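Fit chains B, C and D to the known structure of chain A by using the hints.
Okay, here's what each chain looks like letter by letter:
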Amino acid sequence: MFRYLIRRLLAAAVIMLVITTITFFIFFALPSNPALLACGKTCSPSRLAEIKHSLGLDQSYLTQYWEFLKGLVVGRDYGDQSVRIHCGAPCLGISFQTDTPVLTTLLQDFPADLSLGLGAAVAFLILGVGLGTVAAVRRGRAADKAAVGLALFGVSVQIYFIGLLLLYLFVDKFQILPTSGYTPFTEDPAGWFQGLILPWSTLVIVYLAMYTRLTRSSMLEVFSEDYMRTARAKGLPAATVVLKHGLRAAITPIITIFGMDVGSLIGGSAVITESVFGINGIGKLAVDSVQNSDLPVILGTTLFAATFVVLANVVVDLVYGLVDPRVRLA
Amino acid sequence: MTTQHQPVDTGGGTALLPEPSIQGSRPGGTAVAGRSPARMAWRRIRRDKVTTVALAATLLFIAIALLAPVLTALTGWGPITPDNKAINPDTGNFPYGSLGGISAKHLLGVEPGTGYDLFARIVYGLRTSLYVGFASALLSTAVGVVAGLAAGYFGGWVDSLLSRIMDVMLAFPQLLFIIALTPVIQNALQTNSHGGTDENLRLLVLVLNIAVFAWAYTARLVRGQVLSLREREFVDAARLMSAGRRHILFRQLLPNLWAPILISFALAVPQNITTEAALSYLGVGVIPPNPDWGAVLSDASQFFLQDPMYLFVPGVLLFLLVLALNLLGDGVRDALDPRARRG
Amino acid sequence: MSVSTSPQPADVTPAPAPFLDVRDLRVHFPTEDGLVKSVDGVSFTLEKGRTLGIVGESGSGKSVTSLALLGLHKGTRAQVSGEIWLEGRELIALPEAGMRALRGRTVSMIFQDPLSALHPFFTVGSQIAEAYRVHHKVSKKEAKDRAVEMLKRVGIPQPERRVRDYPHQFSGGMRQRAMIAMSLVCDPALLIADEPTTALDVTVQAQILDLIRDLQEEFGSAVVIITHDLGVVSDIADDILVMYGGRRIEYGTTREVLKQPQHPYTWGLLQSMPHLGGDVGQRLNPIPGTPPSLINLPDGCSFHPRCAYKGWVTEGRCTAERPELRLVSGSERHLAACHLSDDAKQEIRGGAGPDDRDAAAARTAR
Amino acid sequence: MTRTTRTTRRSRTVALTATAVVIALGATACGGSSGNSAGGSPSKGGTLTILDDADFNHIDPQRTYTTEGSSMDYELVRTLTGWDETGSQPKLVGDLATDTGTASKGATVWTFHLRHGVKWQDGSEVTAQDVKYGVERAFSPDINGGPPYASQWLVGGDSYKGPYQGKQLSSIQTPDKYTIVFHLNQPVADFNETTAMTGWSGVPKAHDTGATYDTHVWSDGPYMIKSYTKNKEMVLVRNKNWSQSSDPIRQQNLNEIDAKFGQDQAAIDQQIKSDGGSAQTAITQTPIAGSDLTTMAGDPSLKSRYYKIPAPGINYLAINLNRVKDLKVRQAIEYAIDKTTVRGAFGGSAYGNYATTMLAPGIDGHKDFNLYSSNPAGDLTKAKALMKQAGNPKPTMSLAVENIPTHEHFADAVKTALAKIGITVNITPIDKNNYFSTVDNVKNQYDLTWGDWIADWPNASTVLPTLFDGRQIKKLPQSNNDLAYLNDPKVNAQIDKIGKMTDIKQRNVAYGELDEQILKDAAVVPLMYMNFSEVSGSKVGGVINDSIMAEPSLVHAYIKQ
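Residue numbers (the working numbering), protein chains in the order written: chain A, 10 to 339; chain B, 63 to 405; chain C, 8 to 373; chain D, 6 to 566.
Isolated chain A, as found in the complex:
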């Protein structure tokens, strides 16, 4: 088990290295000139060269890449002109825009994604699995058709359309809720909750659809398994058959996808939701940094998000080992 974990983490590290490399070289091919942006108006060529040097952009890509990797492991110091800025390991670089270590910024934004992602995930998992189970049990009946219909709606509707619609209805039209956004829980729990209701709902509508479909089909598959017939043949009540024997087996494939979804959600992949509701999360940070050509932040956000997805993969495998006695982690 322990050795398995080590091996999985090593494999994850390799994948992260590959992603890092690809991302690094792709983003340094971005059609922009961060030095020029930093230089401001009326920038003379000599001043531009100095700023390039100061940002480390005058070195070859390979050198920059090596520096970056080194920074990840041992940290690095920035600025040879003024007061030096220390960026502790794992150093993802220093934002061209704000001169703050990227990781600091990411960690500042992280609570928003955590709140948004986890809150929505809990809701759509419970609702989706519930709805999918009902649909599978009532296969072909009205409840099933309603659930399938709802799922199709969620799969087909655009997340920003739903988001804007919710904003329009609940904030502008009926003024039931205050403007959405993220308030730290520690600051104002009520505000935290109120500000996240609509973003959560939006994510839930979209993800609920997937989970309903998934649970339903997984459940139907399980229903056809021999052991389900055995359970009925034992004389177990229908509810026990479905909820204990059925759900226990049907939930297993869902765990994989749920883990990946949670990983990518809290890693900042709810870009559109963040953008519609003005939540300052990692997704919005990424979009803004692309627009500002803030390479270290772009690199940092994508790596941060990828890390969560890769880690989620490992966690899912471990959980799988706990959930499915047939899987041996060795």
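Because the hints were derived from the structure by calculation, they are not lab data.
Every value quoted in this text rests on a predicted model; they were computed, and no experiment measured them.
Straight-line Cα separation of at most 25 angstroms, SDA-like style, residue types lysine to any residue; simulated pairs:
#1 K231/D x T113/A
#2 K167/B x M371/B
#3 K147/B x D384/D
#4 K399/D x T143/B
#5 K420/D x L263/B
#6 K278/D x F179/A
#7 K235/D x P120/A
#8 K166/D x Y138/D
#9 K154/A x R105/B
#10 K278/D x F202/A
#11 K154/A x H80/C
#12 K237/D x D197/A
#13 K237/D x H95/A
#14 K237/D x W201/A
#15 K253/A x I266/A
#16 K111/B x R147/A
#17 K265/D x D197/A
#18 K166/D x P180/D
#19 K278/D x L174/A
#20 K154/A x D40/C
Coordinates of chains B, C and D only, in the frame set by chain A:
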């Protein structure tokens, strides 16, 4: 979604016994002789009312897109012909009249700001959506099939490498990457020197970019299918007859893969249309004045208090388009893979 | 051929109600391609302490019949008609709640593939204990002790330890033993074993059959064994029912059916089975062709497309007229559905070796 | 001025104003400003919330070059000179300095005397050395992004690399603790207006944190930083060592200023408009744009808290003289452009008045003239006639705009108008954040380029030489501001001549004539003189329309109790 569930129909009684005396496998106990799988699938689609309606709706959308020039000729307003008389310059070029300027002249009203005819924007925008959706799905399916075939058939290090690449592709936070990659690819392909962004090239860039992140799903599916197929007798038979690899891959395996390929294509189209619209909504997709629904929605989101029609019309239409394509995709899957029936 | 016109066998209903009495059981599944008549008018009886073997190829309706006995078609799309009387209670009309109380307790079942029939995520012990607790108000501890006891009874070594194992940690034979332990945990009056040995090694098969027989003696249950292998039932069954295309084609005591099989299909089954005492060099003769579609059964005798002897019958009778289930002459309850005359059967079976049969086949088949 | 581009909204930047110019507010300007003069005496206490869609690019005073950042900086740092805007016109006054400075040697040497007793937040006194150090910082490549004037004008500035390696700039002298002298390499008659920009302030060497000074600005103003989380929130509290008696411009009415960043601008507008709860004490610095502008400008209920601030800026279309060489064609374009639809694209009448000159009213040197169509909708007959004289060419022209809806709508309006005189326009939208770095690069030349420009201080000297000195094209190949590529020897000579003038009045007249000359060349189509509109909650008082910064000035802000 990474798993393709294939629930077995519960109605058919207990599992079939292996019958040593009987050659081959018997499909489902109710095989109807003399019908090709394609014809059976077509029959199932036709018999499924929902899928038939979805197919009709999809064909209608395609027809509208193809006939866009004709339709706009009928109304007299093209997608980039502003009607300055329909907007009020004193209110920030807000449309005159109610419901966003709906009138006999402008069936769906006009865009605030530009005075473009919304109907024309919509029918031309549909072209964009369908073009990007279908082209990227074609591309990603083609790449995915080749990669999946290679990984599944050759196995060994080819499989390891390709599977690893698929894992990495699937691990990428895709939307983030597509957002970031769009300017990169655009820049790499851009040949004109004026430094701006070519709006038609952008369409191609979007197709490429979306396909880059979509092929891994198809590849995974095809790989799994190949792995199970290559153990089957007819491949062994072909191998024994010392058929070439290419022959086995493309003549023996590929024909048996058309069902999963078609399914993944059918499900990729609405997914890609959604992605394209989302990118345009975030401002990194189609470049105006090329009409696009996502871009219209993005624009409309700023006016949704004052001019809700501007938001609702493209929003609902985009929903209907994606819904129709999703239903069609489901229908195709059900028809080709009866075990995955909706019920 | 509509359901209503299917001829009813002239069964003799004995004066005292039998323990199990199945009358004209029909199980039909509506599908997109048409109505699948998996079981179409099956009747049989069974007394306590006795064993019935239901034999047939896959798709002959034998497994669907067994599920009907457990009432497992309730709540599905299946259309079930006829009557199933068990200890004086009619099961088909019984509501699900009432049926549920019987399942596992009065009627229980052993399934074909113990690996898929046991839940992979629960321990063997807990699955057995669960079956006990459904019908008995006992504590978890008591149920677990009962599970250990049952495992011991079915011959699982170290049951105290193995009770905590998961099904995949058991070998095939042990799994089936566990399955049997589970089905017997409530001392059922009727035990249905659906291909209990098919998924097992040959050596293990015999052990399991022995176990079933021993336990039957111990518990005094009635047993229905469903199999495609006449060899399995020849040892253990008192009666044999041969099914083809959802219908009965031959029904009698084991001795009668094995010694004097009346239906060419039964002959085929017998000949496709190796005889222990037989000539080593003797070829096994599989029945040619495939089982029929249950949606469109062939007209006339549903076996006629595969029957080598239709030439022995008046031209066209086999393809046009469905043979009734008739009492075999000289027998009390041996029933068979074939147009062949007794003489013809005599001639075919008497002395006619396989070579002759082949010749006959050549003469008549094409 | 510079144009920094903000997330989704309009670009904008710093501005300073002109002393004496009458600001022609006219009928369209003049929102219901609740300036201090209007509303009795301010109450003390309370927290003012600032809601901006994005964080300040910089508030390190030497790096600030946006209107929002500069406006915020004025709460934190004191500059040598400053603007008193409580009167009907902005008035240049001494801020850190006792007066507006003394010019000598033909305006090449400027001397400022500092007030005694101005304190840093730790109680130590602000000295001339602090100011010298502050100005020197801007020369370091780490302290980038600020205006170019110091390095342009100070003797030796072209080779000086900042104070971090221990070197000082000898052209800044501090003969004593309270005197600072600047030696310039050319006469600059309005240098004391330059020194009202945030860069001309002190930084105590001991508290300089280099590139991270943005979040650690050391205060000598009425408020100081309590906490600052980039892109999230900045909290300012009272600076106890600030004294009203030493400051002619600012007041210290609030307990706290809380700036929050990152909400969508439309959401901010909506919040403040609905005026509920905490929004009552909030104000936004980012200008209202698009549809919000349309609806809010006309909303009578917002009248008392709607600030329409005329900016010393111009929104224009540059015609590339390298590519559109025929004067007749350029003149035809001047006539053909329909400014009514153009203004509609930017937000209608609330956005600004139709422009006919490059110098906005309010900028020193503004001269009122109109060389082309008197009807803002254009004069098609005249335009067609000019095209005919040019031989009826059917040119195709590229037009560079930002890829934001406003600009796309603007581009469409231009395209439609020019189509009527046979010119086909190809629209080239450019990523908004890279827009100016793209069009300012001489490698990228378009036939038509959109531009806007806000004066750094309201003087023609920060408009015309920057935008039309053709000799700069070669010097600054990557940040060329001459989007028209006008390189007219007459214009260049005139710029040099005016630069040497020390008589302000004479200078202003000459700039007015220069403006006219440029328009005779039909190098640019002036479109609109810009206004910036902001709103505040109903409990915010003391907001002054800062027509120099084009921001709601908060120096007298208070919360109504």
